[in-house]
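Based on the sequences and whatever the hints tell you, model everything.
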Amino acid sequence: MADTAHAAHVGTHMEAHSETSTGLDSRKLAIWTFIGSECLFFASLIGTYLVYRGRSLVGPFPHEEWVSPAGVHFEPILEIKLVTVGTALLLFSSLFVVLALNGAQRGRRGQTLTWLGMTILCGMFFIGMQVYEFTHFVHKGLTIKTNLFGASFFTLTGFHGTHVTIGVIWLITVFILALRRKLPPEKALNLEIAALYWHFVDVVWVVIFPVVYLMK
Amino acid sequence: MDAQVAATPGTTPLDHDHDHPGPAVYVKIGIVLFILTALEVAVYEVGYNHAEAGFGAVLHPVVVPVLLLLSACKFALVAMFYMHLKSDSRLFSGVFVFPLIIAAVIICALVALFFYLHSLHY
Numbered sequence: 001m002a003d004t005a006h007a008a009h010v011g012t013h014m015e016a017h018s019e020t021s022t023g024l025d026s027r028k029l030a031i032w033t034f035i036g037s038e039c040l041f042f043a044s045l046i047g048t049y050l051v052y053r054g055r056s057l058v059g060p061f062p063h064e065e066w067v068s069p070a071g072v073h074f075e076p077i078l079e080i081k082l083v084t085v086g087t088a089l090l091l092f093s094s095l096f097v098v099l100a101l102n103g104a105q106r107g108r109r110g111q112t113l114t115w116l117g118m119t120i121l122c123g124m125f126f127i128g129m130q131v132y133e134f135t136h137f138v139h140k141g142l143t144i145k146t147n148l149f150g151a152s153f154f155t156l157t158g159f160h161g162t163h164v165t166i167g168v169i170w171l172i173t174v175f176i177l178a179l180r181r182k183l184p185p186e187k188a189l190n191l192e193i194a195a196l197y198w199h200f201v202d203v204v205w206v207v208i209f210p211v212v213y214l215m216k
Numbered sequence: 001m002d003a004q005v006a007a008t009p010g011t012t013p014l015d016h017d018h019d020h021p022g023p024a025v026y027v028k029i030g031i032v033l034f035i036l037t038a039l040e041v042a043v044y045e046v047g048y049n050h051a052e053a054g055f056g057a058v059l060h061p062v063v064v065p066v067l068l069l070l071s072a073c074k075f076a077l078v079a080m081f082y083m084h085l086k087s088d089s090r091l092f093s094g095v096f097v098f099p100l101i102i103a104a105v106i107i108c109a110l111v112a113l114f115f116y117l118h119s120l121h122y
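Line order of the protein sequences matches chains V and W.
Take 1 as the starting number for the first sequence in the working numbering and just add one per residue.
Take 1 as the starting number for the second sequence in the working numbering and just add one per residue.
To be clear, the hints were calculated from the coordinates, so they are not data collected in a lab.
Note that the structure is a prediction, hence the values are computed from the model and not measured.
Keep in mind that the hints are not guaranteed to be accurate.
The list that follows gives simulated cross-link-like pairs (lysine-lysine, BS3-like), each with its CA atoms no further than 30 Å apart [said to hold, decoys possible]: (1) V:K216 / V:K81; (2) V:K81 / V:K145; (3) V:K145 / V:K216; (4) W:K86 / W:K28; (5) V:K140 / V:K216; (6) V:K81 / W:K28; (7) W:K86 / V:K187; (8) V:K81 / V:K140; (9) W:K28 / V:K187.
Here are the computed distance ranges between Cβ atoms for each label pair [stated by the list, open to error]: (10) W:H60 / V:K182: 54 to 62 Å; (11) V:H139 / W:F115: 32 to 40 Å; (12) V:H63 / W:F75: 20 to 28 Å; (13) W:G22 / V:H63: 40 to 48 Å; (14) W:H60 / V:I176: 47 to 55 Å; (15) V:H139 / W:N49: 22 to 30 Å; (16) W:F115 / V:A88: 29 to 37 Å; (17) W:N49 / V:S68: 19 to 27 Å.
Backbone N, C-alpha and C fix where the C-beta goes; we use that ideal spot for every residue, glycine too.
Shown next, in the form of structure tokens:
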């Protein structure tokens with residue numbers, strides 16, 4: 001028993017002193033590199049959206065009414081109020097996750113669980129908002145095949161929504177770790193890496209929201 | 001034990017966690033982000049839906065630059081304070097900002113190229 005405890009202590013000690021050439025944790029550098037590559041991914045999608053903006057030949061359109069040749073009237077399709085609430089919640093979730101990280105780094109399990117739980121709830125609300133929005137658009141006659149706006153809109157926001165979903169699943173796994181007391185301060189980096197991904201998902205939306213919803 | 005934890009690479013000292021701002025700063029940044037989002041929506045409402053006269057008429061031609069500026073402010077605040085780029089190693093900033101610049105160039109180049117091509121055909 002004593003030998004096992006000693007071996008565990010030595011193992012932790014060895015791990016604690018594993019140096020890297022940069023002096024930085026490799027996992028953190030890896031997530032930043034990944035985030036950098038994701039910038040290019042979303043740049044291509046946002047660029048494509050901007051290139052096709054205003055080039056749709058048939059409606060429904062994002063901000064303008066449209067009457068089809070058959071005489072069917074289509075209202076502007078975007079709903080700013082709902083998306084503003086989703087945007088605010090996503091921004092608040094960034095605040096919540098950083099408060100959770102603060103708790104994890106200081107060994108405050110209750111603080112970590114509370115704020116992490118709030119972050120997950122905000123993320124789930126955002127996904128729900130997007131599912132509602134997509135369903136609503138399809139019912140109003142806009143699909144990915146309808147026009148250039150539909151194709152670029154669903155691709156851009158759909159990929160972002162997928163990233164949010166992955167982020168929520170990731171945060172749930174960290175929440176379970178914290179719940180099972182497997183997230184001590186020395187392992188707070190596990191949460192920090194997930195939080196960095198979550199913040200990135202948030203800043204991508206910070207760009208998408210005005211570009212897609214607010215610019216006419 | 002605390003001393004051991006403090007010496008762990010990837011936790012406190014090497015990643016400069018001790019320089020991270022506290023909850024009070026995080027909350028202040030959160031409030032600023034919320035205000036900036038409200039401003040974005042206000043600019044949209046006034047600049048587009050009340051553009052006939054008054055402040056709306058003044059705002060209307062500059063709605064897009066104003067929205068982009070507000071968005072850039074929000075982006076910078078989240079990256080600097082919530083993602084800790086302000087206090088973490090500069091290598092992380094470089095790994096993030098360099099692709100970000102390329103991304104911005106890609107977007108500008110795509111828009112300029114298609115705007116030019118469009119002008120040739122129509």
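Verification of the hints:
no.: 1; hint: V:K216 / V:K81; in the structure: holds, 16 Å
no.: 2; hint: V:K81 / V:K145; in the structure: holds, 26 Å
no.: 3; hint: V:K145 / V:K216; in the structure: holds, 22 Å
no.: 4; hint: W:K86 / W:K28; in the structure: holds, 16 Å
no.: 5; hint: V:K140 / V:K216; in the structure: holds, 20 Å
no.: 6; hint: V:K81 / W:K28; in the structure: holds, 24 Å
no.: 7; hint: W:K86 / V:K187; in the structure: holds, 22 Å
no.: 8; hint: V:K81 / V:K140; in the structure: holds, 17 Å
no.: 9; hint: W:K28 / V:K187; in the structure: holds, 27 Å
no.: 10; hint: W:H60 / V:K182: 54 to 62 Å; in the structure: holds, 55 Å
no.: 11; hint: V:H139 / W:F115: 32 to 40 Å; in the structure: holds, 34 Å
no.: 12; hint: V:H63 / W:F75: 20 to 28 Å; in the structure: holds, 24 Å
no.: 13; hint: W:G22 / V:H63: 40 to 48 Å; in the structure: holds, 42 Å
no.: 14; hint: W:H60 / V:I176: 47 to 55 Å; in the structure: holds, 50 Å
no.: 15; hint: V:H139 / W:N49: 22 to 30 Å; in the structure: holds, 25 Å
no.: 16; hint: W:F115 / V:A88: 29 to 37 Å; in the structure: holds, 33 Å
no.: 17; hint: W:N49 / V:S68: 19 to 27 Å; in the structure: holds, 25 Å
In this structure, none of the earlier numbered hints is contradicted; all agree with it.
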